[in-house]
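K.L.:
Going down the list, the sequences are from chains A and B.
For the first sequence, the residue numbers in our numbering are 4 to 250.
For the second sequence, the residue numbers in our numbering are 4 to 250.
Keep in mind that a hint or two might mislead.
Identical copies look the same in the list; a pair holds intra-copy or inter-copy alike.
[Said to hold, decoys possible] DMTMM-like mimics (lysine to aspartate or glutamate), calculated; alpha carbons at most 20 Å apart, straight line: (1) Lys197 <-> Asp161; (2) Lys223 <-> Glu138; (3) Lys49 <-> Glu221.
Hints are computed from structural coordinates only; laboratory data are not their basis.
Below are the chains, spelled out letter by letter.
Protein chains: 2
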Amino acid sequence: MTDAHTMTGTLYGVGVGPGDPELMTLKAARILSDAPVVAFFSKRGKLGNARRIVDGRLGATAEELRLDYPFTVEIPVSDPRYHCEMASFYDAAAQQVADRLDAGRDVAVLCEGDPLFYGSYMYLHDRLAERYRAEIVPGITAMTGCWSRVATPMTRGDDVLSVVSGTMEEDRLVARLEVADAAVIMKAGRNLTKVRSALARAGKLDRAVYVERGTTPEEKIVRLADKPDDDGPYFSLVLVPTERRTV
Amino acid sequence: MTDAHTMTGTLYGVGVGPGDPELMTLKAARILSDAPVVAFFSKRGKLGNARRIVDGRLGATAEELRLDYPFTVEIPVSDPRYHCEMASFYDAAAQQVADRLDAGRDVAVLCEGDPLFYGSYMYLHDRLAERYRAEIVPGITAMTGCWSRVATPMTRGDDVLSVVSGTMEEDRLVARLEVADAAVIMKAGRNLTKVRSALARAGKLDRAVYVERGTTPEEKIVRLADKPDDDGPYFSLVLVPTERRTV
Numbered sequence: 004m005t006d007a008h009t010m011t012g013t014l015y016g017v018g019v020g021p022g023d024p025e026l027m028t029l030k031a032a033r034i035l036s037d038a039p040v041v042a043f044f045s046k047r048g049k050l051g052n053a054r055r056i057v058d059g060r061l062g063a064t065a066e067e068l069r070l071d072y073p074f075t076v077e078i079p080v081s082d083p084r085y086h087c088e089m090a091s092f093y094d095a096a097a098q099q100v101a102d103r104l105d106a107g108r109d110v111a112v113l114c115e116g117d118p119l120f121y122g123s124y125m126y127l128h129d130r131l132a133e134r135y136r137a138e139i140v141p142g143i144t145a146m147t148g149c150w151s152r153v154a155t156p157m158t159r160g161d162d163v164l165s166v167v168s169g170t171m172e173e174d175r176l177v178a179r180l181e182v183a184d185a186a187v188i189m190k191a192g193r194n195l196t197k198v199r200s201a202l203a204r205a206g207k208l209d210r211a212v213y214v215e216r217g218t219t220p221e222e223k224i225v226r227l228a229d230k231p232d233d234d235g236p237y238f239s240l241v242l243v244p245t246e247r248r249t250v
Numbered sequence: 004m005t006d007a008h009t010m011t012g013t014l015y016g017v018g019v020g021p022g023d024p025e026l027m028t029l030k031a032a033r034i035l036s037d038a039p040v041v042a043f044f045s046k047r048g049k050l051g052n053a054r055r056i057v058d059g060r061l062g063a064t065a066e067e068l069r070l071d072y073p074f075t076v077e078i079p080v081s082d083p084r085y086h087c088e089m090a091s092f093y094d095a096a097a098q099q100v101a102d103r104l105d106a107g108r109d110v111a112v113l114c115e116g117d118p119l120f121y122g123s124y125m126y127l128h129d130r131l132a133e134r135y136r137a138e139i140v141p142g143i144t145a146m147t148g149c150w151s152r153v154a155t156p157m158t159r160g161d162d163v164l165s166v167v168s169g170t171m172e173e174d175r176l177v178a179r180l181e182v183a184d185a186a187v188i189m190k191a192g193r194n195l196t197k198v199r200s201a202l203a204r205a206g207k208l209d210r211a212v213y214v215e216r217g218t219t220p221e222e223k224i225v226r227l228a229d230k231p232d233d234d235g236p237y238f239s240l241v242l243v244p245t246e247r248r249t250v
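Taking the hints into account, I'd like the entire structure generated from these sequences.
P.N.:
In structure tokens, the structure reads:
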């Protein structure tokens, strides 16, 4: 840390948890009520989940720095335009944050779940953490929030947990599920037909639970085998808890 | 839920987070300050980490129900006495909790980290959740607390994360590490020689970070390759963050 740091603000990556506003930490609540600048990513026309979670918790004089994603519909990651446009967007967003830090103002960046566990805060961290003081305030991840609502033990003893993505190719998904005692399948909603088939092939469909918007008022929880359709929002999860073993 | 439930208390499994008391959730703080009974596991002669984390947060009239483990030195899981003695211990602990619930008093059980992610609360949950109202208050897991202190992105995009145990046989550990983009090795402290060898064979030793008592004043963080010895406490972790990819 150089002397220059004493003049600049601190970057906080603040995990605000899975959805229920009461599931943010005491530390997150303190940092957010004190932060002179609160930044968050949003899609055009929508405030975004992270900002909604902290409603009523920001300081009265806080500047809200909204970082609007450039796409209103998603460009697939495979499209070369995606990386190019996203890199430019994150560069510009980081510059807006840097301007506040250079002026000696702390900036708290809101992150659904946890800042370092999948998510967009990391693209600011990549660009700023070497130049400014950066502190991470961890948050309850979406998966942890979801399994608390299912209220079934996820992992015990020496269990192996695999966290995988529903976007993966089916054979790879089967291979990962077969060797795991417990599993979380992220981004399951748009891939439920494949996820269902992979779980059946791995012999784990009967233990799988589908969770949509866990810990929020819109929460839906259903055994995947009982879910009548293969529709779900992008960020819904499938949980495969460990098999019950009693000591 | 039967009518009998309206007369009995509620069982709360309360995650108190990884060690820093400010990393419990607002909900955990509320439940704990209101709970008429606060139960926690401890080893004879020691208060235990979970109880220490909530110091100063319990109601003035709360009953503290201490559940002392029967062993002062660890009996290996492979010893047949282990399962037998532990089962009896958890049965008796559950009965003590049930007595309070039957008397209409809520019982909050303290859990380091998260209640459903490795840990002892689950043995009470197994025995009580079908007979009483049970609610899980999720907590920041040890691994999430640790990676927040390392302040390096753990998983991005469609990464696969594997959570494994340092107690696993080395070849199995290598196999799991090879196919994961990011990994957490739990219970690493007593198994560091093996963990180091497995990471080297999987080509991931250079990315591995050793974390001991993360988020507490006794925290130690060091690149595993730079750690001069193979000593560490049982619950220390090794983190293998994803390889940096910039958008």
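K.L.:
Hint numbers the structure violates, sorted upward?
P.N.:
none
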